[in-house]
Amino acid sequence: MTFLKEKIFDIKTSPIDSVEVKNALTQVSEREFPQRKTEDWRYAKLGKILNKNYQFDANEVKDISAFLIPDLEADLVVLVNGFYNEQWSNIKSLDGVTILPIEKASQLDAFKNHFNVLAKESQEIFTSINTAYNQGGVFVEVAKNIQVERPIFILNINAGNGVISNARNLIVVAQSSELKVIQRYVTQNGTENFNNALTEVFVKQNAKVTIEKIQDFSEFDRQVCTEEIHQEKDSNFVINTFTLSGGFVRNGLNIKVDGTNCYSEMNGLFIGKGEQFIDNHTRIDHLKSNCISSELYKGILKDSATGVFNGKVIVHKDAQVIEAYQQNKNVLLSDTATMNTKPELEIFADDVKCSHGTTTGQFDEEAIFYLQARGISKNAAKEMLIGAFANEVIEKISIDAVKDFVLAKLA
Amino acid sequence: MSKTIINIKNLHASVDGKAILKGINLEVKAGEVHAIMGPNGSGKSTLSSVLAGREEFEVTDGEVDYLGLDLLELEPEERAWEGLFLAFQYPVEIPGVSNMNFLKTALAEKAKHKGLEPVSSKDFLKLVKEKSQLVELSDKLKNRSVNEGFSGGEKKRNEIFQMAMLEPKLSILDETDSGLDIDALRIVANGVNTLKNAENATIVITHYQRLLDYIIPDFVHVLHDGKIIKTGDKTLALELEERGYDWLVKDLV
Amino acid sequence: MGMKYTEEDLKEELKTKEYEFGFTTDIESDRAPNGINEDIIRFISAKKEEPEWLLEYRLNALKVWQKMVEPEWAHVTYEKPKFQDISYYSAPKKKKELKSLDEVDPEILKTMARLGISLEEQKKLTGVAVDFVIDSVSVATSFKEKLGELGIIFCSFSEAVKEHPELVQKYLGTVVPTGDNFYAALNSAVFSDGSFCYIPKGVRCPMELSTYFRINDSGTGQFERTLVIADEGSYVSYLEGCTAPQRDENQLHAAVVELIALDNAEIKYSTVQNWYPGDKNGKGGVFNFVTKRGICYKNSKISWTQVETGSAITWKYPSCILKGDNSIGEFYSVAVTNNYQMADTGTKMIHIGKNTKSTIISKGISAGNSHNSYRGLVKIGKGATNARNFSQCDSLLMTDRCGAHTYPYIECENSTAQLEHEATTSKIGEDQVFYCKQRGISEERAISLIVNGYAKEVLNKLPMEFAVEAQKLLEISLENSVG
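Protein chains in written order, with my numbering: chain C, 1 to 411; chain F, 412 to 664; chain U, 665 to 1147.
Errors might be hidden in some of the hints.
[Claimed, not checked] With a cut-off of at most 27 Å between alpha-carbon atoms, the simulated DSS-like pairs for lysine-lysine come out as follows:
(1) U:K1043 / C:K48
(2) U:K744 / C:K302
(3) C:K37 / U:K944
(4) C:K37 / U:K744
(5) U:K1046 / C:K45
(6) F:K533 / F:K553
(7) C:K273 / U:K1043
(8) C:K382 / U:K1018
By construction, these hints were calculated from the structure, which means they are not laboratory data.
Based on the provided sequences and hints, a complete structural model is requested.
Dropping the structure here:
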């Protein structure tokens, strides 16, 4: 038995008042951590995450200015080690928009109707741990017919040494409303923290939700980060994931397209260096007809980094007239970097147009030579090509300040 | 008096429950060229689809007599065997199936159902050579997969080449002029004119008068909202070119 | 090409020749009791008069197999075979002799006729007594004479064990190790017979070697073992399978095929598989769990071409280990599933040497209620500098009740590699079918044209005679499949 499995029961359970927490506790005791042979975890070396005695800690953060995104006008929610931090959070109240620490939302209908509805379908032990042992998180509800202009910026900070945090967020955007969310994950200091965040998002009929997600934990921190999305008919959901740093990062993004005429888009850019491990698992379930989904993930791997992309597109029986496109492109910049790719199509309907493509390689030597011949050093030429490669995903960001921020991070 | 090729009476058709054709009457005799013109959405392409037997279109009323046969009772391939040819507005690409193999199969199936011997390879090649000159189709295109990688003009020329090979009694050209430059248009029209004789007939469906400079119609019909609202000779086409369709529609009200 | 030896040549030859060899003699006590254990293995080995080392090989495999569990990762569901209810040894069975073709299932005859199989062959394949038999023993012998002059060995596996034990011992299990997977281990313990082929250095085998003609074809049974060795600088094209429909009563087939291409050698291995797929309701049919793998040494090439329309369950991944620098692996596959068939097929390309190249073209066609999956691995090892792979996996769906799935794994540990994978899944184009119909081509013909066009890239890789039969097979397999 792994150390985490033994010690997990010492951690304080979730402050959320819900029967789901109790059920999840049972699940944690029944479920096992993934093994090397567990198909969905086959490239992940979980050993170093699991054999660690984590603490449960609400550390203080003295200054957050370093973690803000310049020029971003947004409502700010700060989560430190998974705890909702009232001191630093800064929310302008707007009609029809509710932003609360999740444990304070437990009596609201939107909470009762949605909390854990998606997550409880998951077979992952990390999901059960999050539900059972979260320290809270944020609850966001947008009422009908509201186009929220100000995005919500959820800033997740790891502070301390060997701290486990399980932030739990719930976002419900009602009919014909619009919301943009920025999620950033950063390390203040310390090392070997384990962040196991989970966000459930409900996109109701004709609603539109966009998430810009930026992960830049230190190379000593670990993360399992899960998003569970549910789309109703005529809705639109876009998520852009930028994994810029992190010792071990596992992203699980699951979208259930449960209505007709939906649009879903998933984009990702991940950059691994040193010994970093970055694993992107995405899954989209097309349950209803006449929908379009599009996915583009790009990976850049340097040094001895390892990247994983596993994208599943499942078109269920009776989901007809589906167009689903998936692209994964990777470059390896070092002889010791590794990329494992597994794009999957599972099609149970017949009137579909689905495709996936993936390439793994290095930059075109000809292009580099061309640039060199024009007087650009080889390194500068490579940087230029990296920039061009990454730009296709960065261009997808819907908020200029965030786009500039990611660009600056890469420079 | 030349014989009637097709006689359409009170044809009504709908797609997904929406009525598109609302009572078409049209008689086409051997040796004639009929042009059907009309604004977008008037039902022009629906008419050609219904005549060729596309399943999505439901005939809700009316009848179509084709060479003494009840056309609407026939499967699409049976209509083809009886000499009905549709030159598609958007010819389909069929990867991996060579143009030659495709045509040979088409001819063989027709022969089979007419109780005839299939054409020999030698005669087939002779026929191909002769007919492809008509539309200036290169050997390269003939041996490629059906319409795959063809330019818009090449696709339309290929349609007329197939028409020449299959020697139809009634040819329906569905917006054959769309996307053609002037040279391609001339080649296509020349092909159609050469194939025209006293025994067959042609229906030209078009949005513009341009094609009718090259293929001279005996009759011009204006289709509006699923009905033929005016019939005239080739001068009607010129008038439409000049004045548009609105004046006709106004007259209706 | 002028030297190609055809079936027609052979018939001519046999007509003018004395019938020299007669039938194989019956073996006493020709069936082992059901079940699998050490005694049974010893019994099989003794029956086949095998040397001690081969018995040891089998016994070791049994031990390995007993520790393994039947894999469940493939996208197939079936009732697992009861391994203790199978007889693991039965001598080549003589088919019940029928007096005339009237006694044969008319369905089978109809299909055979459509495949263009001659009346004589129809009789042979269905076990009807005929005056003139293309007897496989004689056939094999005729071939052998021609091949013998070139030093080519092409014989049954048992014969190779007796005549060329050094070659068998040197290469057996070197590409597919005993413990490779559950079915390979089972095969290693109980394999019945199979084919052996050795092409000496520098020899280009002048004819397609075909198991179609090979000795006792009908009796090679459930656990076939094939070993093909192409020595340095040699070339061979090997055809496996028989396009005739056969109602095989063995439900479980677990074959192992090992190919060895030594430096500068080339092996082309083509399969057309049309085993009984079960009936329209999914009853019966063969379970085909086969392990096929080749190893390429320097500058060598292995090319797999697979056309599969048969079997109820197919589980098969013909693979290449590209060990030598500059070696090439190719995989071309068409898999058709109809009714309740399930196929989980694909390939593995393991790049170890420098400048190694692989190409994967997979075309799946699913009809009826069937499921068709592509599962592939492209692995670029650390030392595989400048490796190249191109993969294309397309799926065509014929009904709304079938499924098509694509599970490619791409693992890259070398930055100089260039890997490209593309996959598409789409419905058979209704507009294509209508276009054909408008030109007077009936729906069935139209579908066959379109499907053959879709599979053309792969069919083109088959030897000519095979390609024609394969095309017809696709047609027959997809009859009444659109809905």
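Hints, verified against the model:
1. U:K1043 / C:K48: holds (25 Å)
2. U:K744 / C:K302: It is violated: about 46 Å lies between the C-alpha atoms, which goes past 27 Å.
3. C:K37 / U:K944: violated (37 Å)
4. C:K37 / U:K744: holds (22 Å)
5. U:K1046 / C:K45: holds (19 Å)
6. F:K533 / F:K553: holds (16 Å)
7. C:K273 / U:K1043: At roughly 21 Å apart (the allowed maximum being 27 Å), K1043 (chain U) and K273 (chain C) satisfy the hint.
8. C:K382 / U:K1018: holds (24 Å)
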